[in-house]
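Listed below, chain by chain, are the residues.
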Amino acid sequence: MKILRFLFVIFIFYFLFFISSKEINAQQVSLSLSPPLIETVIKPGKSILVAYTLVNYADPVILSTKVLPFEPKNNFGQIKIKEEFDGPIRFSLDNADFNLGQEFFLKTNDRQQLLLRIRVPEGAPEGDYYYTLLAETQPPTAQAEKTTSFAKATIGSNILITVTESGKVEIKPKIVLFEVLPRYRFSFFGKKINFFDSTDLIPLVLVVENKGKNLIKPEGQIILKGNFGEKAKFDIVPQNILFQSQRLITATPSAEIDCSTLSKIKACQSPISLIMSGFFLGFYRLSTSLIFGENSPQISASTSFFAFPLKIFVGLVIVLAIAVIIIKRFTAEE
Amino acid sequence: MSSKAISLLIIVFLFLLLFVIRSVFAVNMESPLFKIQYGEIGIAGGNKTSDNYNLSDTVGQTAAGQFNSTGYIVKAGFQYLHSIIPFRFSISNTNINFGTLIANTPQTATTVLTVSFGAAGQYQVTVIEEGKLRTLNEANNIPDTQCDGGANTCSESLAKPWTSSSGYGFGYNMSGNDVPTDFVDSTYFRPFPDRTENESPAVVMSSTNVGKNRQATMTFKVNISPIQPAGKYQTIINFVATPSF
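For the protein sequence lines, the chains are A and B, in the order given. The opening position of the first sequence corresponds to residue 0 in numbering that gives the first Met the number 0, with each subsequent residue numbered one higher. The opening position of the second sequence corresponds to residue 0 in numbering that gives the first Met the number 0, with each subsequent residue numbered one higher.
Simulated from the structure, these hints should not be mistaken for laboratory data. Any given hint could be a false lead.
DMTMM-like cross-link-like pairs, simulated, lysine to aspartate or glutamate; straight-line CA separation at most 25 Å [unchecked claim]:
#1 A:K72 - B:E198
#2 A:K65 - A:E82
#3 A:K151 - A:E218
#4 B:K220 - A:E144
#5 A:K171 - A:E83
#6 B:K74 - A:E144
#7 B:K74 - A:E125
#8 B:K211 - A:E135
#9 A:K42 - A:E102
#10 A:K151 - B:D147
#11 A:K72 - A:E144
#12 A:K106 - B:D193
#13 A:K45 - A:E169
#14 A:K81 - B:D147
#15 B:K231 - B:D184
#16 A:K72 - B:D193
#17 A:K79 - B:D147
Just so you have them, the derived chain A footprint on chain B, three or more residues with Cβ under 8 Å [stated by the list, open to error]:
#18 85-92
#19 96-102
#20 199-206
#21 236-244
Yeah, the Cβ is synthetic: ideal placement off N, Cα and C, and Gly gets one too.
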């Protein structure tokens with residue numbers, strides 16, 4: 000009987016300890032926001048409604064939303080979100096229970112539709128305006144018992160707005176760089192000669208500048224031609240180039256190469272548009288032609304390189320040298 | 000030269016040749032007369048054309064009729080990226096607790112950042128502190144680290160070794176997928192950019208090819224000097240994950 004009473008007390012103690020325990024577990028945040036990108040061409044005086052879906056996959060969380068302008072940070076597609084709102088575009092939420100800047104609660108695995116109203120006032124200047132819709136968690140305001148950093152998670156979705164009265168946009172592209180990154184580069188009578196080993200990966204960089212007032216999206220191919228008439232084609236990935244900016248253009252199949260596991264390869268150590276692989280021999284010419292939609296100007300560029308099996312040649316010389324030494328030794332013994 | 004010597008020469012030649020020649024990667028090449036199709040030995044071999052890339056042709060000044068009638072055209076998502084899995088960002092632990100700080104004894108804590116995007120797509124994760132680690136009454140703060148100082152002075156954009164127990168401050172290290180290359184190993188740290196000092200957020204993860212579940216570990220480090228006033232220090236670290244455009 001005493002044992003039973005003892006076990007009962009232990010059980011109650013154990014139960015109450017875990018119920019009343021104030022142990023703080025790691026707070027997890029996991030959010031998704033879709034669609035990740037909105038592109039719109041819109042007349043002054045018009046408004047559109049875009050439905051976003053915000054999903055909370057982790058612990059319950061208090062969130063709020065805001066819209067801030069952004070600008071391209073570099074030519075790799077990264078952005079810099081500005082601290083303050085500017086521009087003529089007006090944003091609001093059509094949700095019944097909260098608006099931009101107001102907090103709302105999202106349970107685990109719950110989703111919230113955000114009805115973003117984008118309004119272009121009459122008289123808004125024609126041009127491009129770039130914004131990011133941000134959904135951010137609210138970090139705890141209570142005092143921690145120890146020295147602590149609270150992480151605040153913010154997830155964004157970009158909005159590219161072209162304001163035009165007529166529907167026409169300005170397309171002024173320019174190829175500013177179309178070059179291979181060679182293993183060796185020589186200058187011969189003022190002309191650069193690119194040189195690779197036959198087994199090298201061939202990294203190519205294509206940078207396009209948008210000198211117009213509206214974003215552009217290149218389409219086209221990069222074509223590799225060999226000296227025996229052989230040809231390989233790589234499609235350009237149609238990524239946006241914002242107005243008055245440059246962007247490194249990528250092409251398939253490089254988009255499928257994961258350089259995080261190939262960081263020791265020289266071709267993966269700097270941003271590139273395309274990596275070509277194969278056994279190259281002789282002279283090769285690379286060219287590209289880009290268009291930017293119907294009736295747009297076509298721009299093109301080309302470059303070239305030589306490839307020879309230097310490594311194999313050196314290997315053969317070493318092999319022959321070793322073989323000759325061995326044979327001489329054997330014949331001397333005979 | 001005897002037949003024995005010639006045989007030996009051939010054997011040695013073939014044997015060493017196998018060691019010299021390494022496997023090569025392949026690109027399909029063709030002309031009007033022939034097509035050389037290499038096997039998919041390497042990282043980019045074979046045809047990579049996909050139906051995805053031919054599905055939509057909405058670029059440029061199309062749909063003029065639609066624009067004239069409605070006054071707008073809206074396109075959602077990436078033309079080259081057809082995925083039903085949305086852009087997703089996770090932080091494994093939002094309460095980064097350093098416990099009780101002891102002078103000249105560095106304390107560390109970690110959190111894991113995860114980014115997913117159903118198919119290939121570009122993204123970035125930036126970080127900024129909303130002020131220094133400071134007491135609630137804001138009387139005292141722990142400065143941002145300068146790492147080991149001298150030649151090893153780090154900055155918001157350049158990680159340097161921080162191994163000295165007399166190097167005081169607050170900073171972070173990154174390891175894992177898509178992190179900046181200046182985080183050479185676990186001893187390399189940067190200070191956080193400080194919003195109250197009008198500094199720009201630092202990119203801590205980015206890729207032109209995100210895929211699914213790209214993970215990076217951020218290691219926070221604090222080291223205080225013997226004259227650091229006692230107290231509970233707090234700050235907010237703001238992570239912003241955005242897809243590209």
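These are the hints, each one checked on the structure:
1. A:K72 - B:E198: Between K72 of chain A and E198 of chain B the Cα gap is close to 14 Å, so the pair holds against 25 Å.
2. A:K65 - A:E82: holds (11 Å)
3. A:K151 - A:E218: violated (39 Å)
4. B:K220 - A:E144: Holds - the C-alpha atoms of E144 of chain A and K220 of chain B are around 18 Å apart, at most 25 Å.
5. A:K171 - A:E83: Violated. K171 of chain A to E83 of chain A sits at ~30 Å, over the 25 Å cutoff.
6. B:K74 - A:E144: violated (49 Å)
7. B:K74 - A:E125: holds (19 Å)
8. B:K211 - A:E135: holds (22 Å)
9. A:K42 - A:E102: Given that 25 Å is the threshold and the Cα spacing comes to 32 Å, the pair is violated.
10. A:K151 - B:D147: Roughly 28 Å between the alpha carbons, so the hint for K151 of chain A and D147 of chain B is violated.
11. A:K72 - A:E144: violated (39 Å)
12. A:K106 - B:D193: violated (31 Å)
13. A:K45 - A:E169: holds (21 Å)
14. A:K81 - B:D147: Between K81 of chain A and D147 of chain B the Cα gap is close to 32 Å, so the pair fails against 25 Å, i.e. violated.
15. B:K231 - B:D184: Since the Cα atoms of K231 of chain B and D184 of chain B sit roughly 30 Å apart, the hinted pair is violated (cutoff 25 Å).
16. A:K72 - B:D193: holds (18 Å)
17. A:K79 - B:D147: At roughly 30 Å apart (the allowed maximum being 25 Å), D147 of chain B and K79 of chain A break the hint.
18. 85-92: holds (count 8)
19. 96-102: holds (count 5)
20. 199-206: With 5 residues in contact (Cβ-Cβ under 8 Å with chain A), the coverage given for the stretch 199-206 of chain B holds.
21. 236-244: Holds: 9 residues of the stretch 236-244 of chain B have a Cβ under 8 Å from chain A.
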